[in-house]
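In order, the protein sequences belong to chains D, V, F, Z, G and R.
Be aware that the first sequence starts at 239, since it is given in my numbering, and climbs by one per residue.
Be aware that the second sequence starts at 239, since it is given in my numbering, and climbs by one per residue.
Be aware that the third sequence starts at 239, since it is given in my numbering, and climbs by one per residue.
Be aware that the fourth sequence starts at 239, since it is given in my numbering, and climbs by one per residue.
Be aware that the fifth sequence starts at 239, since it is given in my numbering, and climbs by one per residue.
Be aware that the sixth sequence starts at 239, since it is given in my numbering, and climbs by one per residue.
For the record, the hints were derived by calculation from the structure and aren't laboratory data.
All values derive from a computational prediction rather than experimental measurement.
One should not assume that every hint holds.
[As the list claims (entries may be wrong)] Okay, derived cross-link-like pairs now, BS3-like style, lysine-lysine, Cα gap no bigger than 30 Å in a straight line:
| id | chain 1 | residue 1 | chain 2 | residue 2 |
| --- | --- | --- | --- | --- |
| 1 | G | 323 | R | 397 |
| 2 | R | 299 | D | 367 |
| 3 | G | 507 | R | 340 |
Number of protein chains: 6
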Amino acid sequence: MRKTARSFVAKLFANAVWGILALGLYTPSATHAQLWTFSKQDLIDYTAQNPFERFSDGRPKVPDSLVERARGLSSEEIWAVLQEKGFNNQYSDGFQILHPGKSLVGRAFTVQFMPQRADFDGVERAKAKDHAIPHLTNQTAIDMLQPGDVLIVDLFGKKMNGTIVGDNLFYYVMKATNGGGLVVDGSIRDLDGISEIDMPAYFRAVDPTPIGNVMLTGINVPVRIGGATVLPGDLVVGDREGVYFIPPQFVQEVLDRADEIRIHDEWTKKKFDENKYKSSEVYPTPTDPTVKQEYQEYLKKRLEEIRKQRNSK
Amino acid sequence: MRKTARSFVAKLFANAVWGILALGLYTPSATHAQLWTFSKQDLIDYTAQNPFERFSDGRPKVPDSLVERARGLSSEEIWAVLQEKGFNNQYSDGFQILHPGKSLVGRAFTVQFMPQRADFDGVERAKAKDHAIPHLTNQTAIDMLQPGDVLIVDLFGKKMNGTIVGDNLFYYVMKATNGGGLVVDGSIRDLDGISEIDMPAYFRAVDPTPIGNVMLTGINVPVRIGGATVLPGDLVVGDREGVYFIPPQFVQEVLDRADEIRIHDEWTKKKFDENKYKSSEVYPTPTDPTVKQEYQEYLKKRLEEIRKQRNSK
Amino acid sequence: MRKTARSFVAKLFANAVWGILALGLYTPSATHAQLWTFSKQDLIDYTAQNPFERFSDGRPKVPDSLVERARGLSSEEIWAVLQEKGFNNQYSDGFQILHPGKSLVGRAFTVQFMPQRADFDGVERAKAKDHAIPHLTNQTAIDMLQPGDVLIVDLFGKKMNGTIVGDNLFYYVMKATNGGGLVVDGSIRDLDGISEIDMPAYFRAVDPTPIGNVMLTGINVPVRIGGATVLPGDLVVGDREGVYFIPPQFVQEVLDRADEIRIHDEWTKKKFDENKYKSSEVYPTPTDPTVKQEYQEYLKKRLEEIRKQRNSK
Amino acid sequence: MRKTARSFVAKLFANAVWGILALGLYTPSATHAQLWTFSKQDLIDYTAQNPFERFSDGRPKVPDSLVERARGLSSEEIWAVLQEKGFNNQYSDGFQILHPGKSLVGRAFTVQFMPQRADFDGVERAKAKDHAIPHLTNQTAIDMLQPGDVLIVDLFGKKMNGTIVGDNLFYYVMKATNGGGLVVDGSIRDLDGISEIDMPAYFRAVDPTPIGNVMLTGINVPVRIGGATVLPGDLVVGDREGVYFIPPQFVQEVLDRADEIRIHDEWTKKKFDENKYKSSEVYPTPTDPTVKQEYQEYLKKRLEEIRKQRNSK
Amino acid sequence: MRKTARSFVAKLFANAVWGILALGLYTPSATHAQLWTFSKQDLIDYTAQNPFERFSDGRPKVPDSLVERARGLSSEEIWAVLQEKGFNNQYSDGFQILHPGKSLVGRAFTVQFMPQRADFDGVERAKAKDHAIPHLTNQTAIDMLQPGDVLIVDLFGKKMNGTIVGDNLFYYVMKATNGGGLVVDGSIRDLDGISEIDMPAYFRAVDPTPIGNVMLTGINVPVRIGGATVLPGDLVVGDREGVYFIPPQFVQEVLDRADEIRIHDEWTKKKFDENKYKSSEVYPTPTDPTVKQEYQEYLKKRLEEIRKQRNSK
Amino acid sequence: MRKTARSFVAKLFANAVWGILALGLYTPSATHAQLWTFSKQDLIDYTAQNPFERFSDGRPKVPDSLVERARGLSSEEIWAVLQEKGFNNQYSDGFQILHPGKSLVGRAFTVQFMPQRADFDGVERAKAKDHAIPHLTNQTAIDMLQPGDVLIVDLFGKKMNGTIVGDNLFYYVMKATNGGGLVVDGSIRDLDGISEIDMPAYFRAVDPTPIGNVMLTGINVPVRIGGATVLPGDLVVGDREGVYFIPPQFVQEVLDRADEIRIHDEWTKKKFDENKYKSSEVYPTPTDPTVKQEYQEYLKKRLEEIRKQRNSK
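Next up, chain D with everything else stripped away, as it sits in the complex:
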């Protein structure tokens, strides 16, 4: 839905968010602190364990092939690895989910807002002007999105005026991220329109008001979404339950373990279909050594098949 002329103006003053010209962002001045974004070096430092390539601004870039392979991951498969690593704050739930059956997968692009405060915001705007950024809205961040990104927004659970996008910008995000997705600890508007757009979205609420009474305070900085800490470049995976933010260094292990888990599920259900066993005789691990052996062979065979099939693509 378009906001009408009067609300356009209102919005420019009301939501008072601001950003960075794409150009400015990619060649940040290394000489002083910036509130709204990390320098490339900082981003590299704070995600030092990333085993993959990076975007030109330093953000980790989980390879497309792994992003694609992650499409079927469930929260439980990710939990299995992350809890072993002691990463217990990478999951957030309690969202409204736009398309419950459609999985969310992509690289985290993070944005942070705080309640509007004119004195602070004024300084930010002045500094922005020094970087030749004429106006400052949520679109400043949205215009920086890349294919494969998921837009992760900390709007501190705000409902009224906490609407990061309506259907027009949701459509733009879908185009820009190539259907990546949206996770907002806040709200959206135009739900009827958005429902017809084929991109996954997780949000706290819906409201008819546009974004306002907030100020943009960070792009691609660490953000808090519910009880999770999200870093730019995390692999975002959402299912019917909630959203996991996987640090890049664990992506490969999560995917490999998921292969085994699925083979185990496949085999377990096959055994249950035989109607010969009590659940505890087969699950979580067979009690009979012969059956255990049978499983080990099945696992080996299926893993080989899967890898062969994967390599043949």
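Assemble the complex: chain D is given as a structure, and chains V, F, Z, G and R must be docked to it using the hints.
Relative to chain D, chains V, F, Z, G and R alone:
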């Protein structure tokens, strides 16, 4: 579901609501105050800005053609006009929605209940008898519904015994209003049965108990639904988010503005489909004068087309 | 706290409440419906079971002597009588209580607000002008309070801008009602200042904003406070738990029964102090006929003492 | 989803639940109290009004034919009978429902957990060893399920580590109960996987963690689910609203009454379709004696048809 | 407050709880299971780690001297020991606290209720009659209380009709337990009266209704209070935050550790009073070896003083 | 309460917070961005409207005389000025208040935590080591507090392990800030001990666990407390309602306006004491010109007295 013999009787005494014979209502005594309904003159006075015809009891009657045109309105389109007018208390959300994809449109027929209080209720019943109304239930109001009405009920969020209808009366409301709809700040029963009936409904909860422990205190008086004040004859519009109650005097402007908003949305998405622009170059308003010009022409052309098409019907 | 010049003006327009000149109220036109107040006759009709005198506007006036005697009533003592009468919707709890140890007793003076709606409110203002009421605020109602009244306000639980009084008006209410009290299903402001004023108050929340975005829709009409229906002239009694609204016709019986309950409590504790009985041997009723007899005599004696003492005053 | 090797071990110690070998259960020692299950005699005593056969452990067995007939029951139809009997604590709602359109019907198999407490749990494990039960998990109970059972679990609303099953065990429950169902006052995991399995389920929440930090304290004992008391062998019926637990002695009456209610609904809607009546002229009971007579005849005829049809199966 | 004659009768039928004659309880039949209480042997088995004496019914009896010493314990001091032992489910909070400054200490006497269900309750009543228990109320349990007990009641958070005591029975509990105390996961009534009685109490809510619509299902069995599992004989300790249920086997260690913690606190504040140190130089442990040495000597000296003082009593 | 040896170690690893040596902070490297604190220049830039002196790290220093004068401010007095300035996000409420009658006044010292994430936290620790900071806890921030500071902590509402201080550190904060105070959007522990310490505190919850599973991410950066944005150096004022964070540039105006408001209150109550006026004749502004004149003179006189008195100190 039918309530069995015993609960029939229980109900007549339990919910102790009362009403007005249709006849009595349409020719109200103009000489003294009535708790449960406005006199025709009062209704006319309090909705004096209504630009349309009225029902015989004084309730504004937004024309069928505009009701029909309103079928595709979204909450955001209505917000755009009403906030400009300073009408900020016309929206209510947080409902369970029976058929999320099906839009709700119609004229508000309002009903108010309060917690049962036998002394007060007794006086109401006595006064009702004076008007030759033999028994008093939620059906007194329901039997007054007209085609195109939406039944708006203030049951103060009550769940147990706050069930305005089950599937039989829901079916009757559907027939009587010609599929108009129901908004209840309270509950319904027989959800399985109701799910199969093709009428929009917005409710707070579902409960197996019948309505009870309440008394009817108003028909077609101003009522409060969440944070909204609803007057009889308001145009009710519900989408996937919530429900708007549009005062009749703003209906035309809302609809005209919505035409422009949809053309703007249409055009914006077309531009985004071209993959040439950052979102802020096009939305909310084009930065490039040529593109702006292009939009102005598109808007003009499409408005004409829409009007032509509408008139040709 | 005083609202400063600018907010004075803001308030006149913002909260847009209105009322009735004291004079106008006491001689209401009997010939047409009024939204904001009952005619004297209506008030008499709807409280027909009132056994006591009435104020000049028709409101029941529980005598001062009974109001005074009610000062020590507890919620349980009132419950004992009202549930027998089938009056189950006369109690409301969940309030913040200003002075928890101080009991609230007085006659209900009711006020109702609804969310602001300019078209409706404009008609009310115009009608008010016809009655020579120049401006319309919460003070219109407050200025009508009588000694012994408790101000009962339905502000539908509103927190921000739902503040019926700050410390200045709270002080005025205390003076005007002779320390009667306040029950608001909404909020107050200036809690620090109000804490030092010796009048009982029950409220849902506290907020620094003044009342606003609401309109006055009724004075001395039936109002809903939580799950209770309150009529003007009800005897209001609040303790550490919540607030009871006693219909005038039950006041005498409640008080008489309370005498017996207190004697029973007195005697029960005395027996427990003897350390000879299990609780079930004495309470709720003695199992041993001799002890039962002892209680009957104690009850008789103490009732006589209490009545003698009461009459001697 | 399979839990990986490490979490298997963790789980065996973490959730520390325990049970009874099927053999042990069906021939319980009658000489001393057991925490986790009733003796056969106790179960018979406490469900003495059961008019049907019993399982070998004493649990009432509502016949398959009645279970099948119950498939279309709604909460309202059950309410109509149970409230007349004074059974007001047999209903629980507020669940997430896995397949809203699919009805839940079956015999209650109850399980109770409490927060883990190592000293108490240790004693239970020792006693279990005496009965030759080697390990103790939620599967001990699950492995005892029979066709037609619904698994009813009191996990006191626990979300994290309150997940009675993931998709593997959910699949097993479906196979073992022949699609019976699950009601858990707690949570489940693997929602994506579970969504594809065709068995009704009612649960409070979803969480990626496995069950843990709890101990099994009862199998087929009375349990509390929300505000309801459930006994083993109750007929469980769930619709879009919530779940009813019908004591066996009322099953026949509920079903017979439901026949009448449905015929009444059928007829009522037919009358409404004629567009000749106000709702109160037909519903809940016809005001016109001729119409009443018409209904009585319709009812009689349809009842006969239904019974004939039922018998012919 | 006394319940009047009519409600006495109502109550006997309404709350339908039942119990055990004191005599019957202390010499329980060891030959079959009882729903409402453990046999003496079961109670001994399930609290086998208790290092202290027992009551005649098998319940652990933490000695009076340790109960007295526990009077000053804080939740944090108990947490320090119990989390080391892996006992993480022994704490419950979120209560309303009657006398916030007054500590709660005593031995757990547990009672469990479930939602009323007439068929089940009828069997219990019949069995009770076989044990010559004429009527069944909450007082059956209350009449079994011993000096030093704290009454622990699982009423599953029920507010209306979940009121375990009013002021009369609260007074009796105070006398019978010698001021021990009350913890109820449910409500109380007569708050004004109870406020004047000098016994600690923790409750979820207050309501004017008497207990009802529930049935007694256990006395001195394991109960759940919030997220905690309580066994009969646990040492109950409540402060301004919440309530800890300490298994008897940890009481001595908790108390000894608390001595050290308090000496550490005492010394830490003394050092802070010297205004020479940053907090991290002293707390939690001194960084400077000399200061550390100073603390060790202080600890030794004070421990000796405390023990000497304790022994001299 | 002291945490015992084992939990000391646990804590160092568990809460994994870190900071800056006081020395390091006061001479920050100006050449690159720091996550946890602003450079002096940034702090000056972002609080450029501060009219007062600054601390050596750049934080605005509202003069002691104004801090002292602010001691009696109420939320309403501050609201009166800030809403005029358009600063609507400077207030937060919903706290538990330690000493409700004791006002909170001081300069904001802000601290921010986020959910623990080992990879990110590891980088911070490494960077800290480069600045010769050996270990990282909440005490790193606490040890930097100055007299007159109020410690403002964003712990995102965390209860368990969200406890910024227990009684030892609370005592230290009291000494270090000279009784300044604490506002935490999180919890505290040792409430019994803290209750005896004479410093104002506002917190969301109380829990027996120590701080943990979080990491320190900012000292003296902008933080969010409820719906408010707080900058270091804001004047913090708390009353019985909530907490206001006043930007330094408005402090003088707030205080001057408060003088007038209090005189107005004083005078208004005097007039009400005369029992001659309806509230609306005097408040908010006198309707009678003579009375208005009287007020103007009273105001002038009292303002002079107050200023004289203030200067004479």
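**OP:** Sort out which numbered hints this structure fails and list those numbers smallest first.
**Re:** none
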